[in-house]
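K.L.:
These are the residues of each chain, in order.
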Amino acid sequence: MPGVEDALELTASLARANGLELSRERLRAVAQGLADLLEMAAGLEELPLEGVEPAGGPPRWE
Amino acid sequence: VSATSDPALLTIAQALDEMRARRLSALELTEAVLNRIERLNPTLNAYLHVDHEGALNAARTPHPGPLSGIPICIKDLVDVAAMPTTAGGKDWRRDPHEDAASVAKLRGAGAIILGKAHTNEFAYGIDGRNEHWGNCRNPHDVTRICGGSSSGSAVATAAGLALAGLGTDTAGSIRAPASLCGLVGVRPTLGLVSRDGVVPLAWSYDAVGPLARTVKDAALVLDVLAGRQPTPLPPPPRLDGVRLGLLEDLIEAAEPYVESAIREMAASLQSLGAHVVSVRAGLLRHAGAIHQIVQHVEAAQAHRPWFDAQRERYSDAVRRRLEVGRLLPASAYLTAQQARTLLVGELTRAMGPLDALLAPSTPMVAPLQEVEEVTVRGARIPLRAALLSCLAPISQAGWPVVAVPVGRLLGLPFGVQIIGRPRSERGLLEIAAAWEHLFAIGPAAL
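Going down the list, the protein sequences come from chains W and H. Under our numbering, the residues of the first sequence are numbered 1 to 62, in order. Under our numbering, the residues of the second sequence are numbered 1 to 446, in order.
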């Protein structure tokens, strides 16, 4: 899982692709936030998610 | 100040009785509330916009209905015709020609719309602070936060600057200020109250609901918002056959005085005939992660139409969250939504045969305005995380919650969530009314 230093490059690339211009200082802050959320997502991937439909999926008619 | 000497401090039910008996007119009531706004709003900062003339004009010939002549404030995230919507943002403004669907329901029921109430910037906060518009202050102690983001609606209602308020709740924005200001707040079942005309924050969480001083008042406003014929709650207080679950994972995470108050409440409800058991949902430990990921992404998308042109106007904290949410991979969002399915399944099993779950609203009383970290159970926690810790987990399910006061510490109120199955608001309100019969929080200090 990327720490903030690893996330800097990823964040810069994603920001360019999304048309977000970020100063060096802001890039670092966003990279930290992104790293935190990716770490949380990695933690959730430890749960038994196989075959689980995401919340907000199709309506249940029964 | 007693309610008899200042009509602004009457409950809705009391004010309706006074008006029916012709001892009070809608104009007198509205003037009393406007006078109180003029006197106290400079201190409390509950209103961002007050429509003094519009309110007086409406009060001269109030529309008949279940809320006829009752002055109500609207969170400034919700459109009111001919009033600006700022969403608590800097230089962000729209000027709606139509009321939001929820406001139209209130106006159609005869409510007098007083103005637009303070909110955290775009409702993306839980503390009632706003660097663009100033902080909203707790009427029980103005040096303390009031909770948010429905900060102004809560403070106005608690301090007699409205008889009730309209709020929105994504991660807890009705329930947090209800807890810290000593009010009744209802987060309705997702979809029960229309969100048309409300600036969105996160689509899979956003709910619109009332803040009021009593359970009876909250029930009346909720009925109006839901488009139902208002039906009075039955007289409390027997709860024979009602089955309640103490949601231990959240109760044990709150400060000991909050835990004690909820256990005492449970014992009191048992004495009224309720059956109380302890329940656990271990996946609640993942609720914070699920919520953070889902809300970041949904908020970034909700703001996308104007974000690129206006991003320099946001506070650093909110802008950073929106930028992070925009860049987060879809796989992370879907992982969180899958985990949310598991969590809701576990909560559903915990609810089992029960009628309601009990959990703290906030893990502590209102902290001081300048605080960024608080101590809960001996651990230092960021203020935002602490305030969300018992609320955001419950938002995952889209279930209804009635938040009511459960105790006081050093004069500061704190609340409990009564959580039920979809569309069980009525039963939750009856439980809340039984509790309110035993425990009255009393008025704010101002």
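FYI, nobody ran anything at the bench for these hints, they're computed from the structure. Errors might be hidden in some of the hints.
[Claimed, not checked] Label pairs and their in silico Cβ distance ranges: (1) W:Glu50 with H:Gly352: 22 to 32 Å; (2) H:Ser5 with W:Gly19: 54 to 64 Å; (3) W:Glu25 with H:Gly352: 31 to 41 Å; (4) H:His275 with W:Glu5: 23 to 33 Å; (5) W:Gly19 with H:Pro256: 44 to 54 Å; (6) W:Gly19 with H:Ala81: 52 to 62 Å; (7) H:Pro230 with W:Glu5: 54 to 64 Å; (8) W:Glu50 with H:Leu368: 14 to 24 Å; (9) H:Pro230 with W:Arg24: 26 to 36 Å; (10) H:Ser68 with W:Gly19: 43 to 53 Å; (11) W:Glu53 with H:Arg384: 28 to 38 Å; (12) H:Arg285 with W:Gly19: 35 to 45 Å; (13) W:Arg24 with H:Ala317: 37 to 47 Å; (14) W:Glu53 with H:Arg320: 46 to 56 Å.
We put the beta carbon where it would ideally sit given N, CA and C, even for glycine.
K.L.:
State for each hint whether it applies.
P.N.:
Hint check results:
1. In this structure the supplied range 22 to 32 Å holds for Glu50 of chain W paired with Gly352 of chain H, their Cβ-Cβ distance being about 26 Å.
2. Between Ser5 of chain H and Gly19 of chain W the beta carbon distance is about 60 Å. The supplied range of 54 to 64 Å therefore holds.
3. For the hinted restraint 31 to 41 Å between Glu25 of chain W and Gly352 of chain H, the CB-CB distance of approximately 51 Å leaves it violated.
4. The hinted window of 23 to 33 Å between His275 of chain H and Glu5 of chain W is violated, with their beta carbons roughly 55 Å apart.
5. Between Gly19 of chain W and Pro256 of chain H, the C-beta spacing of about 50 Å keeps the proposed range 44 to 54 Å intact.
6. Taking 52 to 62 Å as the suggested C-beta distance range, the pair Gly19 of chain W and Ala81 of chain H does not conform, at roughly 35 Å.
7. Between Pro230 of chain H and Glu5 of chain W, the C-beta spacing of about 59 Å keeps the proposed range 54 to 64 Å intact.
8. Checked against the hint of 14 to 24 Å, the pair Glu50 of chain W and Leu368 of chain H fails, with Cβ atoms roughly 47 Å apart.
9. For the pair Pro230 of chain H and Arg24 of chain W, the beta carbons lie near 58 Å from each other, so the given range of 26 to 36 Å is not met.
10. Between Ser68 of chain H and Gly19 of chain W the beta carbons are some 52 Å apart, a value that agrees with the proposed interval 43 to 53 Å.
11. Distance hint check for Glu53 of chain W and Arg384 of chain H: the Cβ-Cβ separation is about 30 Å, which falls inside the suggested range of 28 to 38 Å.
12. The hinted window of 35 to 45 Å between Arg285 of chain H and Gly19 of chain W holds, with their beta carbons roughly 37 Å apart.
13. For Arg24 of chain W and Ala317 of chain H, the Cβ-Cβ distance of about 19 Å falls outside the hinted range of 37 to 47 Å, so the restraint is violated.
14. For Glu53 of chain W and Arg320 of chain H, the Cβ-Cβ distance of about 31 Å falls outside the hinted range of 46 to 56 Å, so the restraint is violated.
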